[in-house]
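Since the structure of chain A is provided, determine the placement of chain B on it from the hints.
Number of protein chains: 2
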Amino acid sequence: MFTTFYFYASNLCFLIAKMMGRNIQKVLLIFTIIADVSWSSVIDNRVDKYVYRGECHLPEALQKEIQGYQPVVNTIVDKILGGKFAGDTYNSLLEMTDKFGHRLAGSQSLEDSIDYLVDEFQKAGLENVHTEDAPVPHWVRGFESAEMISPRRAPLNLLGLGTSIGTPRGGIVAEAVAVDSFDELEAMPDSLVKGKIVIFVPAWTSYGQTVRYRSIGASVASRKGAVAALIRSITPFSIGSPHTGVQEYSSDVKKIPAACITVEDATMLLRMFRRGEKIIIRLEMEARNLEPAMSRNTIGELQGTQNPNKSVVVLSGHLDSWDVGVGAMDDAAGGFISWKAVQYLKQLGLRPKRTIRAILWTGEEFGYYGAKAYQKQHAATEKEEFNLFVESDIGTFDPLGMDFSGNEDALCIFREIMKLMTPLNATQFKTPTDGGPDISLWTNRGYPSASLLNKNERYFWFHHSAGDSMLVEDPITLDKNTALFASVAYVVANLSIDIPKTVTDELIEPELD
Amino acid sequence: MFTTFYFYASNLCFLIAKMMGRNIQKVLLIFTIIADVSWSSVIDNRVDKYVYRGECHLPEALQKEIQGYQPVVNTIVDKILGGKFAGDTYNSLLEMTDKFGHRLAGSQSLEDSIDYLVDEFQKAGLENVHTEDAPVPHWVRGFESAEMISPRRAPLNLLGLGTSIGTPRGGIVAEAVAVDSFDELEAMPDSLVKGKIVIFVPAWTSYGQTVRYRSIGASVASRKGAVAALIRSITPFSIGSPHTGVQEYSSDVKKIPAACITVEDATMLLRMFRRGEKIIIRLEMEARNLEPAMSRNTIGELQGTQNPNKSVVVLSGHLDSWDVGVGAMDDAAGGFISWKAVQYLKQLGLRPKRTIRAILWTGEEFGYYGAKAYQKQHAATEKEEFNLFVESDIGTFDPLGMDFSGNEDALCIFREIMKLMTPLNATQFKTPTDGGPDISLWTNRGYPSASLLNKNERYFWFHHSAGDSMLVEDPITLDKNTALFASVAYVVANLSIDIPKTVTDELIEPELD
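Protein chains in written order, with the working numbering: chain A, 568 to 1080; chain B, 568 to 1080.
Accuracy of the hints is not assured; some may be wrong.
Copies of the same chain look alike in the list, so a pair counts if it works inside one copy or between any two.
[Unchecked claim] Below 27 angstroms or equal to it, Euclidean Cα-Cα: the simulated BS3-like pairs (lysine-lysine) are:
1. Lys-950 / Lys-913
2. Lys-943 / Lys-631
3. Lys-845 / Lys-666
4. Lys-690 / Lys-845
5. Lys-997 / Lys-845
6. Lys-986 / Lys-666
7. Lys-877 / Lys-651
Source of the hints: derived by calculation from the structure; they are not laboratory data.
In this text the structure is predicted, and so the values were computed from the model without any measurement.
Chain A extracted, bound-state conformation (with noise of 0.2 angstroms):
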């Protein structure tokens, strides 16, 4: 009864602005306050079913405008795949990593990054453009090197892990205890751990599930009394690469050096210690932590044409990268697809209603410290500033949609949009949205959000690893990807209304990457 009361209700709003010509978004805004819910909770309040079973009841008005964004849809992939912009994402991610190289937190290219943009956004055209402040991290890596010494010599490839300590000068030298598993290490008994080196060889399941084992295995294997660990690098497939990544010292451990061996490694060695062979490994790595470095969110607008500050699309991908290969895939292209978009949309003359804000984020691969100030930074205007936050940082391959995240007024409205993309043959629509870890922060606070769905079956081939270049993007993938945004951005930064969201102010940490 209360379903239908309201799912009439709201038709009724709908035909009462229709008939009155006004915005439907100001009628909805009025309703939605009376009934105190959400507007399209209103229509039809079978929440699950409106994500899950796909039964959104859009009101037909804003169905229809949704729909009728379809030929500017088709122009802007036109104008990006076929015209003069065709080649051109890739070509300037190409000429960013190739003068700068990694651009790893602290690091002075990744700061010469930054102005470069700074004025390749204003040659761009963008407006606004600026940065703001992040502190983040100064972690360097120094020398390393690491070999197995008994049952016989190997040198053994290895990326130390972000935040790492060194070792002692000169190196460590220890025996190893090889486990697959944190259970497994927990069901030794300290004595046998004690001052040696854990080796973790967990298998592949998910990047989700085994990343734990990078992320606190330095910590878990110190309070068994370890004086350092080896992780197998964190990929499904390897030819003999390691991958580093950030780890963290729990604060009631002793911190111990932490490093990424390769898979082929990693497997060998425990086969080794598990027929009972005493393993021996040197180990030397010069990694410090020094003070934090100030860095900069680097920031470039298509500016609305009602109030630039109130109801921003905020399209992002971080800049920031490790400093093996030249992370052009993680996640240089999921910035540079964000500028493109904002960039070419005002070539086009497509100036929406609302600002589409490009954001590259800064210091993400230690923990999210770009967008991290830019929260804080904006947390007393975050509600009205924020319409939606967009992130592409699992790869820029060949697009297949997006995944999204808000309450279910919002997935509605996002789903209706997604059938648009048909010309990008990228219409797939997922929910929740699982590829924005910079966005996160809001995500995780019930704001919408979206991230790009892609064919990145081998993303984690590459990641973070010496592999992570220029040879993973290609520049037709990359023009549908730039098309993709912009064609989002600009429906949802034009349309009659905001999207949705039921926020909270309550501040979830998020995990680390």
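Positioned in the frame of chain A, the structure of chain B alone reads:
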């Protein structure tokens, strides 16, 4: 007319043989001697049609004889895949590669592996287990490092090439030129190349075409006055790993250091050079060529019931490897399926008329040194001694069948034999053979030979890199390959006739791999 005559004459011979209950082979031999042509070209001398249009006309008796092996092949496959041997090839391969690691020519680990295998062969019941000496080059890598100094600083991951000399102590620092082809280098004035490092960045086409840059790049560059050569790793796909391999100095050039760098870095350096940026590289290599070492081919047999040194079927792969990774794929696996095929046939009580001989060649990577020595040592007897040479050196991924070389008569027999491999879904027959570098010393001179066809699309991803590990191998797939080798070898070794051959005495120098 001529053709028709021999066709009927041949059939008549078989008929006589059948009636007389005598050995078909002997009858054929007599007939062949009389006709001074090999036997099946007698049957039908439209030679090219046999091979390329599938028009084999095997004598019915022979065809029936081959078809009669189906139950034996079924048994071999069943027992190896489903019985106590299941997983054994993989486990043995794992045990040796874990125990000794790489097996570079001249290294102690290669010689230790050979000693170990002699022992394993004996324990496995192989017969006439022994080694035969073969001198091999003794090249040692030593410390090596490269860094781009200009236009920015970045480490360049590299692997020196086999036989390369080192740099002077302390390394060299030189400007670089980058080209994508020999032609592009040749077109440059010598003055532009003199004193510089030449970077070759050929696009991958096929291994055969692309590997020339690794094989002779240093010589080509030296002839233009270069001080070192860096070559894009010879692989179609990369995750930041360099690939090594052998190179050869022309006798007319000054020797200069040669190494492969990653595809990622090579393609970046080419772009930089083409933009007109000044590239300066620091290169240090301690590589040295020591006095040749004595190594050994490792041999074990299942001796035939007839003269065991006559008409031997050779199954082979090479035991030596590069000094990165553990050479599980290239080519311990090829050697191990040869070994295990012989072992299992014996354990199954399947002793054929002719001897099946497993040979694990040494010194292949530097230019077939083991095979060359073997050829010399067996030159006097080779025509009578060898019936068929089989090799596996292009991967032991899922088997598809085999490719063959030999005269048209031989090819028709092989084609018929491959039809027996339906239980392995590995019935493909191709010609000529393309994957037997060691046995090419005989293949090139007309000896019947064969190589494993397998789903090796990713072979060069791992080839000569740190990625050549047990992760490339799979227990079930190895069992299938062992079963295929065992089946083909058994049928050929037990057939009523030798494989016909048309050989030349001319020695043909094979190309470097």
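key: Violating hint indices (sorted, rising)   = Hint check: 2, 5, 6, 7 fail, others pass.
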